[in-house]
Amino acid sequence: VFYTNFDGQKGQQLDAHPYASATFWWGALERQVRVRGAIRRQDRETSEAYFMSRPRGSRIGAWASPQSEEVADREALDALFTATEERFPGDEIPMPPNWGGYILTIDEIEFWQGRGGRMHDRFRYWAEDSSGQNSQVTWTRKRLAP
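The numbering used here puts the first residue of the sequence shown at 64, with every later residue one more than the last.
Treat the hints with care, as some may be off.
Unchecked claim - In silico lysine to aspartate or glutamate, EDC-like type, Cα no more than 16 Å apart, as pairs:
{"#": "1", "residue 1": "205", "residue 2": "170"}
{"#": "2", "residue 1": "73", "residue 2": "93"}
{"#": "3", "residue 1": "205", "residue 2": "171"}
{"#": "4", "residue 1": "205", "residue 2": "173"}
{"#": "5", "residue 1": "73", "residue 2": "148"}
{"#": "6", "residue 1": "205", "residue 2": "191"}
Think of the hints as simulated: they come from the structure by calculation, not from any bench.
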């Protein structure tokens with residue numbers, strides 16, 4: 064699960080093409096994990112619970128930032144934040160209607176481990192649904208060339 068503004072470029076692209084990937088890189092360990100899968104919006108109630116757990120400044124920022132839109136300068140962005148703080152003076156800050164979570168349902172995972180001579184280890188796992196209804200998912204593993 065990850066959270067974002069649905070009106071930004073990322074949110075618009077995910078809504079139009081609900082498939083995504085994410086890469087996690089640990090340079091010091093020479094390891095990487097890449098995941099891919101279908102994306103769907105998280106239910107509003109669960110997103111609201113997470114939103115309310117965030118620091119006040121982060122909740123203000125979710126309202127104040129016109130994500131992905133151009134802003135004149137830093138002062139203009141700071142002014143939006145200040146105006147939003149004045150709009151919500153207490154700790155009760157509702158979740159914006161254009162903000163929430165996306166759930167990535169993973170159907171492919173690739174593990175990469177760096178090795179000498181560029182002879183890295185790579186393994187790809189992918190889910191195969193034998194029923195077509197995600198009730199009997201099995202995972203297949205193959206070694207990949209670096």
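Consistency of the hints with the structure:
1. 205 with 170: OK: residue 205 and residue 170 at ~14 Å, within 16 Å.
2. 73 with 93: Violated, at roughly 28 Å.
3. 205 with 171: 11 Å, holds
4. 205 with 173: 10 Å, holds
5. 73 with 148: 26 Å, violated
6. 205 with 191: Holds, at roughly 13 Å.
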